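Spelled out from the first residue to the last, the chains are:
2 protein chains.
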Amino acid sequence: MYSFLSHIVCPKCSATYDASTPQGLCRCGAPLLAAYDLDALRAALPGPGAFAGRSPSLWRYHELLPVRAEQSEVSLGETMTPLLPLRRLGEAMGLPGLLMKDEGLLPTGSFKARGAAVGVARAKELGIRELAMPTNGNAGSAWSAYAARAGLAMHIVLPESAPALPRNECLMTGADLCLVQGLISDAGRIVGKAVQERGWFDASTLKEPYRIEGKKTMGLEIFEALGWRAPDVILYPTGGGVGLIGIFKALRELQELGWMPEKAPRFVSVQAAGCAPIVKAYEERREESSFWPDSETVAFGINVPKALGDFLVLRALYETDGCAVAIDDESILREQALVGKLEGTYICPEGAATLAAARRLRKEGWIAPDETVVAINTGSGVKYPEAVRLEPRALLRKDQAIPA
Amino acid sequence: MYSFLSHIVCPKCSATYDASTPQGLCRCGAPLLAAYDLDALRAALPGPGAFAGRSPSLWRYHELLPVRAEQSEVSLGETMTPLLPLRRLGEAMGLPGLLMKDEGLLPTGSFKARGAAVGVARAKELGIRELAMPTNGNAGSAWSAYAARAGLAMHIVLPESAPALPRNECLMTGADLCLVQGLISDAGRIVGKAVQERGWFDASTLKEPYRIEGKKTMGLEIFEALGWRAPDVILYPTGGGVGLIGIFKALRELQELGWMPEKAPRFVSVQAAGCAPIVKAYEERREESSFWPDSETVAFGINVPKALGDFLVLRALYETDGCAVAIDDESILREQALVGKLEGTYICPEGAATLAAARRLRKEGWIAPDETVVAINTGSGVKYPEAVRLEPRALLRKDQAIPA
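Quick note, the sequences are listed as chains Z and W, same order. Residue numbering for the first sequence follows this note's numbering, starting at 1 and increasing by one per position. Residue numbering for the second sequence follows this note's numbering, starting at 1 and increasing by one per position.
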């Protein structure tokens with residue numbers, strides 16, 4: 001069997017749904033998750049070592065993905081991303097075991113490619129022809145690209161104030177793009193109405209169950225790179241939280257398969273100080289977050305005032321003895337420049353926030369010096385020209401020399 | 001043996017040099033090439049199948065690379081890039097066997113990462129501590145990133161008019177960056193002077209022999225992906241021409257090893273109509289090109305009026321019954337938007353030029369409909385916001401709906 005997908009389940013009310021027809025949210029309003037026949041999978045595959053010889057792409061984990069047939073895969077060359085040792089930066093913060101999962105090497109330059117690859121492929125397999133979504137940027141870039149690759153129509157609504165480069169990506173991969181004079185919540189309302197009236201499929205964050213399955217492969221790759229062991233700590237920049245939920249889901253599935261030890265890594269949800277609803281809820285030990293008013297941060301990917309999957313993020317933090325940390329924009333930008341200078345990686349502000357959080361948690365003793373720490377860089381820094389504060393050293397005339 | 005590098009040789013006057021000390025240009029002024037002990041390599045490795053089980057990175061070909069020891073590798077996760085079938089676009093131009101090597105997935109978003117990874121690693125291995133180069137953009141991005149990763153200093157001089165995003169990349173990966181009120185030739189003169197006076201190493205295009213070895217891996221990956229056979233045609237966007245020279249060098253080395261058939265693919269050098277010195281020289285059947293005055297094109301990576309390695313590019317075209325084609329900017333931009341819409345890949349204008357050339361050569365009958373054609377997309381389109389001509393369909397108020 002190519003996929004061991006069995007059914008769809010609600011993580012809030014436990015209602016189940018048919019996996020062979022398109023599904024949106026649960027009747028109770030919660031996001032739905034894909035479930036697999038793990039007993040059958042365990043009987044069919046000798047162990048996770050079976051993945052090793054396969055091509056270096058997220059599709060190597062197809063048994064744990066929802067796409068039913070190999071010919072349904074939609075690919076733009078979504079490579080396995082590296083788990084880079086950050087030795088100089090790690091030593092500077094007293095964490096020689098610091099690793100960074102660099103998702104900037106995926107098509108469209110961000111981790112959103114994972115959700116889009118699997119989400120689009122499964123949508124097409126289920127007979128869907130037209131997708132729609134609101135976005136602040138990178139998700140739109142990825143879904144536009146994969147929808148075009150699959151031959152599906154993609155309708156995007158983007159706030160007028162959203163960054164320019166993802167807008168270009170949507171346009172240049174053929175999306176039907178409208179801007180709105182408002183926030184992503186306004187874009188969401190417009191998409192919601194269009195979806196109801198025109199029969200398009202709503203591909204918004206967590207409003208369909210398959211994007212998260214793509215994100216899950218981030219966790220599968222991390223665990224495979226570490227020899228099917230968990231690191232001690234995983235730091236994830238949390239906006240909608242889909243990646244964290246996905247990595248945690250990967251962990252639980254692997255544990256249920258008996259392919260990973262029971263000890264979980266401590267999950268750390270990293271947010272921007274200007275938009276930290278998960279951090280607030282965690283500090284108050286609540287099960288859900290509250291809407292964060294007037295949110296603002298340079299890290300636009302984690303500017304999400306209230307996430308649909310907040311309860312799943314918080315559950316992962318509590319179950320793994322994790323925590324949640326808010327980082328101010330100044331610290332984010334300082335860390336972004338420092339990792340670039342010391343390690344040569346130009347990462348996005350969201351990724352830089354996880355490194356700043358590692359630094360702080362090490363300083364506070366929450367992370368021990370000998371622990372293996374994985375920070376997730378969700379995308380390439382090049383798409384954030386608005387965040388660059390550095391200047392060239394000199395502007396020379398033709399007859400001048402480089403100053404000493 | 002990790003590397004079978006034996007010596008350095010001049011492709012123009014055949015002078016040889018020691019490979020264990022840093023080398024620049026030949027005494028005769030020509031660029032130098034690395035030579036390998038292919039007899040010893042043939043005896044040591046059973047065949048190219050030996051590469052198959054190795055990690056999916058350009059370093060898998062280490063026997064054919066100049067870096068002497070595994071611990072000298074400098075890595076930012078330079079994955080093997082995909083050879084994407086472009087079925088819809090290919091069928092639209094009567095070329096169902098059209099493939100695109102997508103180099104936009106490399107660190108810093110372009111094929112320049114290959115040359116930088118190998119060039120920087122070898123420079124460090126030879127004891128060099130400070131590098132300098134003039135650049136119009138992507139080479140500077142890549143060399144800054146890899147130099148930082150290696151802990152080397154990188155001095156860059158960039159024309160003030162060069163695109164903004166590569167400038168940001170240089171700054172954000174810690175390069176010592178100066179701008180000049182002039183062209184890349186002015187930047188080159190300033191770097192040349194600094195190199196002489198301060199003992200920095202000149203890493204300009206083809207002024208050291210190892211960048212080309214990194215670019216060679218593009219060819220090795222193409223041939224491996226095709227089962228160690230050559231395609232019928234390879235189209236390469238030609239500025240400095242290092243990639244084409246590298247792919248051709250890979251071919252000849254593999255043929256000498258007996259690992260590839262004697263039949264070579266026809267190499268096509270694709271240039272912009274506003275900067276086509278190689279095309280002009282090819283049409284006049286000359287061995288070298290002449291300086292192209294007042295060059296101009298939206299594809300800044302191939303805005304090179306006179307390449308140091310022009311004679312090597314022309315040699316590859318003549319030896320393989322290839323050709324050279326000039327594409328105007330309008331056709332480049334049209335092709336870029338079309339491949340995005342049909343295939344979901346947002347490629348750079350240089351890459352789009354190769355697809356426009358394939359379309360024209362098919363139309364003229366120079367490429368047959370059943371041939372396997374590899375077009376090289378040298379980088380991601382996202383770094384060229386200046387080239388975007390498309391606009392969103394509508395700007396909506398919050399209370400408006402997506403227009404029909």
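Be careful, since some hints might not be right.
Distance condition first, Cα-Cα at most 25 Å in a straight line; then the derived BS3-like pairs of lysine-lysine [to be verified]:
#1 Z:Lys124 x Z:Lys193
#2 Z:Lys341 x Z:Lys363
#3 W:Lys398 x Z:Lys306
#4 Z:Lys124 x W:Lys341
#5 Z:Lys193 x W:Lys193
#6 W:Lys193 x Z:Lys207
#7 W:Lys398 x Z:Lys398
#8 Z:Lys363 x Z:Lys398
Over 10 Å on every C-beta distance to chain Z, these chain W residues come out as not near it, computed from the model [to be verified]:
#9 Gln23
#10 Gly94
#11 Asp102
#12 Ser331
None of these hints come from the bench; they were simulated from the model. Owing to the predicted nature of the structure, the values given are computational and were not obtained by experimental measurement. Virtual Cβ for every residue (Gly too), placed ideally from N, Cα, C.
Against the structure, the hints come out as follows:
| no. | hint | verdict |
| --- | --- | --- |
| 1 | Z:Lys124 x Z:Lys193 | holds, 22 Å |
| 2 | Z:Lys341 x Z:Lys363 | holds, 22 Å |
| 3 | W:Lys398 x Z:Lys306 | holds, 20 Å |
| 4 | Z:Lys124 x W:Lys341 | holds, 17 Å |
| 5 | Z:Lys193 x W:Lys193 | violated, 64 Å |
| 6 | W:Lys193 x Z:Lys207 | violated, 60 Å |
| 7 | W:Lys398 x Z:Lys398 | violated, 51 Å |
| 8 | Z:Lys363 x Z:Lys398 | violated, 48 Å |
| 9 | Gln23 | holds, 24 Å |
| 10 | Gly94 | holds, 19 Å |
| 11 | Asp102 | violated, 6 Å |
| 12 | Ser331 | holds, 16 Å |
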